[in-house]
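Chemist: Keeping their order, the protein sequence lines are chains A and B.
Going by the working numbering, the first residue of the first sequence is number 33, and it counts up by one from there.
Going by the working numbering, the first residue of the second sequence is number 5, and it counts up by one from there.
Hint data in this document are derived by calculation from the structure and do not stem from the laboratory.
We put the CB at the ideal spot given by N, CA and C, even for glycine.
Don't take each hint at face value.
To be verified - To give an idea of the chain B side of the interface with chain A (calculated C-beta under 8 Å), a few residues:
1. 11
2. 14
3. 21
4. 25
5. 33
6. 49
7. 53
8. 55
9. 60
10. 62
11. 64
12. 68
13. 93
14. 96
15. 98
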Amino acid sequence: MIHPTVIAAVIAAGAVAGGLGSLLGIGGGVFLVPFLDAGLGLDFRVAAATGLMTVIATSSAVSAGTAGKNLINLRLGMLLEVASAVGGLAAGITVERLSKHTLSLLFAIVTAAIASLMVARLDKRNILEPTSDPGPLGGRFRDDDTGREIVYRVKRLPVAMFASLLAGAVSGTLGIGGGILKVPILNAWCGVPMRAAAATSALMIGVTAAASAPQYFARGDINPPVAAAAVLGVLLGSRAGLLAGGRAPVKWLKLLMALVLAGVSILYFRRALG
Amino acid sequence: MNADLFVRLERQLGRLLYAGVMSAAACLAIGLALWMAGTSPAASNTILTTGLIILMLTPLARVVTSLVVYARMRDWFFVATTVMVFGVLLLAWVLKSRAQ
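With the sequences and hints as input, model every part of the structure.
Modeler: Set out below in C-alpha cells:
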C-alpha cells in the first residue's frame, strides 16, 4: 500500500521534472526515475514504467504548445526516429542482458561527455543568413526571444542518427525518452538551433516512450496511482516550463542543459556504484 | 509545399495532442481522487488504467494522422520514414511476445 504522502511527493517531484523537461525538450523521466527508485524506494521496473509515462505526457503537452510555430522539424524527427526504433529493437536483443548497474555507468559516462561538449560549444550559433537555403532537412522559424527569422541546415547527419540509435537503446531500459542524448548532440554538433532541437526532440521522445511503455504495462509493472500522480505533476510543471521556454535566452537554455547533464551524470554514477 | 497549409496542419495536430493529454489528465485526476478516498478500488483502478492507455496512444495517434496527411500530399520521404518506424516497432513487439 502506498501512503498519500508518497503520492504528494511524487506529484511535487513530477512538477520539477516536468518544468526542466519541457524547457529542454528532454521529458522528465531522466530525473524522476532515480528519485522514485533511490529516493522513494520503489522497484526499479515500476520507477522506469512511471518515467516512460511522464515522458509521453511532457512530449504531448509540449508538442501541443509549440505546434504552429514551425519549431518542430518533423522530417528530421521522423528520420531520427527510425534510428531510435532500431536502437530500441537492438536493445531488446542485447542491452537488456546488461545489468542495470553497467547500463547506468555507460549512461553516466555518455552524459558527462555530452556535458563537456555542450560547454565547449556554448557560444557557437547555428544560424544562417535569412535568405539562405535550409536544404532538405533544415528549417526556418521565428525566434520569440529576439523576433528574428532563423534559418538552419542539418550537418553531420550520421552523428545525429547514432545519437538517436543510442537514445532508443537506453530509453526502454532506463525509463527515459532519450532527449537528454538527442537535444545536446543535435545542437552542439548537427547545426540545429536549441529551440528547434528541443521541440523536435519533445515530439519524438513521446513516440520512443510509447513504444516501450506497453511492455511494462503487459508485465504489470505499472502502479496506476503512482503513475497518475507523476503524470499530473509533470503536466503542471511542463505548463510552467512552456511559458518560460519561448522567452528564455538561448545561451541560458544551453547552460541549463549542460548543468542538467552534469547532474544526471553524477546521479547515474552514484546509481552504478551504489 | 504551401507554408500556410503546413502551419494549419501543425495546429490541428497540436489540438489532437492537447485533447489526448487533457482527457488522460482528467481520467488520472478523477481516478487518483477516488483511490485516495479509498471507497471503490476497482473503479479507481479502471479509470486510472483508461487514462494511462489514452496517454500512451496520444503520440502514436499524432504520427498516424500526419502519415495520412503526408500520403495525400505525396510526400514519400515522410511516408517511408513513418512506415519504417512503425515497421520496426511492430517487429520489436513480435520478437518480445515470442520471447515471453
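Chemist: None of the hints should be skipped; say for each whether it holds.
Modeler: Status of each hint after checking the structure:
1. 11: The hint holds - residue 11 (chain B) has a Cβ within 8 Å of chain A, the shortest such distance being about 5 Å.
2. 14: The hint holds - residue 14 (chain B) has a Cβ within 8 Å of chain A, the shortest such distance being about 5 Å.
3. 21: holds (4 Å)
4. 25: This interface hint holds because 5 Å falls under the 8 Å limit.
5. 33: Where the cut-off is 8 Å and the nearest Cβ of chain A is about 6 Å from residue 33 (chain B), the hint holds.
6. 49: Given a least distance of 6 Å, the restraint on residue 49 (chain B) holds.
7. 53: Holds. Min distance 6 Å.
8. 55: With a closest approach of 7 Å, the residue 55 (chain B) hint holds.
9. 60: holds (5 Å)
10. 62: holds (5 Å)
11. 64: Cβ of residue 64 (chain B) sits 5 Å from chain A, so the hint holds.
12. 68: violated (11 Å)
13. 93: holds (5 Å)
14. 96: holds (5 Å)
15. 98: Hint violated; residue 98 (chain B) Cβ to chain A Cβ min 10 Å, cut 8 Å.
In the structure shown, a violation is registered for the earlier hints numbered 12, 15, in ascending order.
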